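Taken in sequence, the protein lines are chains A and B.
The opening position of the first sequence corresponds to residue 4 in my numbering, with each subsequent residue numbered one higher.
The opening position of the second sequence corresponds to residue 272 in my numbering, with each subsequent residue numbered one higher.
The hints are simulated quantities; they were obtained by calculation from the structure and are not laboratory data.
Given the structure is predicted, the values throughout are model-derived calculations rather than measurements.
Glycine residues also receive a C-beta, built at the ideal position from the N, C-alpha and C atoms.
Careful: at least some of the hints might be erroneous.
Stated by the list, open to error - To give an idea of the chain A side of the interface with chain B (calculated C-beta under 10 angstroms), a few residues: (1) Asp40; (2) Ala56; (3) Ala100; (4) Phe104; (5) Asp166; (6) Gln169; (7) Val171; (8) Ala173; (9) Leu176; (10) Met177; (11) Gly178; (12) Ala179; (13) Trp183; (14) His188; (15) Arg191; (16) Lys192.
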Amino acid sequence: MSVLRTTARAPIARTALAVLAVVAVLALTGGLLAPLDPLAQDTARILQGPSGAHLLGTDYLGRDVLSRLLAGTGLSVLTAAEAVAAAMLLGVVPGLASVRFGAALSWISLRAVDALMTLPFTLFAIAAVGVLGNGLHQAMLALGVLLAPLFFRVTRAAALGLDRAQYVEAAELMGASRSWILRVHIWRKVLPTVAVTTAHALATSLLAVSSLTFLGIGVQPPAPTWGGMLAGDLGFLAQQPWAPALPAALIMLTVGALNLLADAVRDAEPADAVRGAGPADTAVRKEHRDGLAAV
Amino acid sequence: MTLTTDRPAAPPATGRPTEEPLLRIRGLGVSYGTGARVLDGIDLDARAGEILGVIGETGSGKTTLARAVVGLAPVTTGRITVDGTDRTALRGRALREARRAGAVQYMFQDPLRSLDPDLAVRHLIGEPLAVAGIPADVRAERVLTALDLTGLDRALLDRTPGRLSGGQRQRVALARAIVTRPRLLLADEPVSALDASNRNHVLRLLDRLRHELGLAVVVISHDLDSLAGVADRIAVLYRGRLVEQGPAEAVLTRPLHPYSALLAASAPGLDRTRRAGLALLRTPSPAAPADAACVFAHRCPFADADCRELPQPQPRGADRTAACHHAPAWREHLSR
Chain A
4 MSVLRTTARA PIARTALAVL AVVAVLALTG GLLAPLDPLA QDTARILQGP
54 SGAHLLGTDY LGRDVLSRLL AGTGLSVLTA AEAVAAAMLL GVVPGLASVR
104 FGAALSWISL RAVDALMTLP FTLFAIAAVG VLGNGLHQAM LALGVLLAPL
154 FFRVTRAAAL GLDRAQYVEA AELMGASRSW ILRVHIWRKV LPTVAVTTAH
204 ALATSLLAVS SLTFLGIGVQ PPAPTWGGML AGDLGFLAQQ PWAPALPAAL
254 IMLTVGALNL LADAVRDAEP ADAVRGAGPA DTAVRKEHRD GLAAV
Chain B
272 MTLTTDRPAA PPATGRPTEE PLLRIRGLGV SYGTGARVLD GIDLDARAGE
322 ILGVIGETGS GKTTLARAVV GLAPVTTGRI TVDGTDRTAL RGRALREARR
372 AGAVQYMFQD PLRSLDPDLA VRHLIGEPLA VAGIPADVRA ERVLTALDLT
422 GLDRALLDRT PGRLSGGQRQ RVALARAIVT RPRLLLADEP VSALDASNRN
472 HVLRLLDRLR HELGLAVVVI SHDLDSLAGV ADRIAVLYRG RLVEQGPAEA
522 VLTRPLHPYS ALLAASAPGL DRTRRAGLAL LRTPSPAAPA DAACVFAHRC
572 PFADADCREL PQPQPRGADR TAACHHAPAW REHLSR
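Whole structure, please, built from the sequences with the hints as guidance.
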């Protein structure tokens, strides 16, 4: 937990947290802040530039871009968060369990994760919505399943290093149960690693939601999302070449803030081997890089 | 500050060892993966109120001996009983329950590694009680008692191990070990990382605790100086075998095994006169057979053809054994 406190004191983390706080406020209140109805079409005013009536102009159906950006924040962020929450549930819990609950569970979970990591993201998402039906939650679940191996491997690598720590052996000598050791001695040390992974996964998920929306999977029109607006604007580059930059800037800003926060958490982790996680720490970072690359 | 024990079979806290051994080790053998014996044929006793020093060089099996007693090393042969309970037969839930009872405690060599760096001192000391399900109010009281017994300032309660000195950390480890009111405490190199002042403090503390709590204390050390002033009895290990054991004074001043003599003569803090034979003790015998069964024969100045046969520990006076074919006759060579 001291890692998180150290992170909160870092200037770069504070900047990232400020950006994310603004995004969070917009996600919660964006629809209320929108000056116009984000779904209202005005075919007489399509593809207009910024003006007093429409501060960021209108899109190809005459809808107010600013209102759609504000109203779309919640859906964009919450869908990404839903996917990451599913990934954490499917990845962190088995990752911890695989370390302390027997070789059989470890072997089965590792093979399942290996199988998941071989699946191409887009094809799996299309197959999932084909089986489960095209809906927001189905798409997020599919994304969560594909992100879960990242959490699994990172959590497992961190927990494996800690599992061999002498204070864990000392706890075993006290008669501590497996769940006690996980809760008291391992979980709180895995938490910073999970926090870093979560920040990176949120960023990845935000981009993935945008990609899925671009493909017509997940959030359905006319509901506004950043990814959906980006996809729509790309069809009218000749008329409004600057239009995709607005949702893209919001995506980049949020993803950038998440990545900066993740880096700050990672940098706040102690570099010494007091926790017995010296070599394991390297393994965690490798798992992290490999996992993100796979997604 | 005293710590009363609520164990029904608690020994009288007189400081005088009782006759019946609390820890009884018979024929202990420990092997790891490759099958090579790390410990072989160890017979050892420790009585309540007694400090037993286990000494030997690095790799002699001292730590493995202690880890076998607490169930951290695989016992391949022999039995270890504590207060009449066969610890080697405990498995699964029974082992966990025995550990939660806290009658046997083990102090790891390095408190920096054995104390969770994220937990405050109050949680570290109280953890064995929390694991055993002791209510929080009782736990808090016993943590304070253990803290006082080990001479730690209560202001340290909320500090993490990283914010303690080496001596303080060692005492926190000791406080955690005694908070369960154990009968047997195994301390692995408790003073090896400490300066002289802290070393004396911790050793005095162990001495006091065995008096006040009627503890049987097994102190593992490679440093004879550490044991000289505090141990009642000393057991000497060499390459996994017990070569000599007996009253500390007798083992240090009149060793019966050449390896014990070499250790005693090599100790820098000991009497110079005892170091007179050091050169001879360091000279291996040219008559040592290549196929000697005695583990010390290749370094022994007195080894001969007899050493082809493995020497078994033989009684040599009251409460004393030595595993040497030439004990005590080899001592005559030193005086020549």
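Less than 10 angstroms between beta-carbons is the criterion; does methionine 177 of chain A satisfy it with respect to chain B? 4 angstroms, holds
Given tryptophan 183 of chain A was flagged as interface, is its beta-carbon under 10 angstroms from a beta-carbon of chain B? It holds, given that the least Cβ distance between tryptophan 183 of chain A and chain B is near 6 angstroms, below 10 angstroms.
Chain B contact restraint on valine 171 of chain A - CB to CB distance below 10 angstroms: For valine 171 of chain A, the interface hint holds, since the closest Cβ of chain B sits about 8 angstroms away, which is under 10 angstroms.
Should the interface hint for alanine 56 of chain A be scored as holding, given a Cβ-Cβ cut-off of 10 angstroms against chain B? With a closest approach of 57 angstroms, the alanine 56 of chain A hint is violated.
Chain B contact restraint for aspartate 166 of chain A - C-beta distance below 10 angstroms: 13 angstroms, violated
Would you check whether leucine 176 of chain A satisfies its interface hint, that is, whether its CB is within less than 10 angstroms of any CB in chain B? Leucine 176 of chain A check passes; min Cβ-Cβ to chain B is 6 angstroms, inside 10 angstroms.
Answer holds if the nearest beta-carbon of chain B is closer than 10 angstroms to that of glutamine 169 of chain A; otherwise answer violated. 4 angstroms, holds
Under 10 angstroms, Cβ to Cβ, is where arginine 191 of chain A needs to be relative to chain B, so tell me if that hint holds or is violated. 6 angstroms, holds
Satisfaction of the alanine 173 of chain A interface hint, Cβ to chain B closer than 10 angstroms: OK, holds: alanine 173 of chain A within 10 angstroms of chain B, min 5 angstroms.
When the nearest CB of chain B is found for phenylalanine 104 of chain A, is that gap smaller than 10 angstroms? 15 angstroms, violated
So, as I understand it, the hint says lysine 192 of chain A touches chain B; can you test that by seeing if any CB pair is closer than 10 angstroms? 7 angstroms, holds
Does alanine 100 of chain A pass the interface check with chain B, least Cβ-Cβ distance below 10 angstroms? 19 angstroms, violated
Hints 1, 2, 3, 4 and 5 from the list above are not met by this structure, while the remaining hints are.
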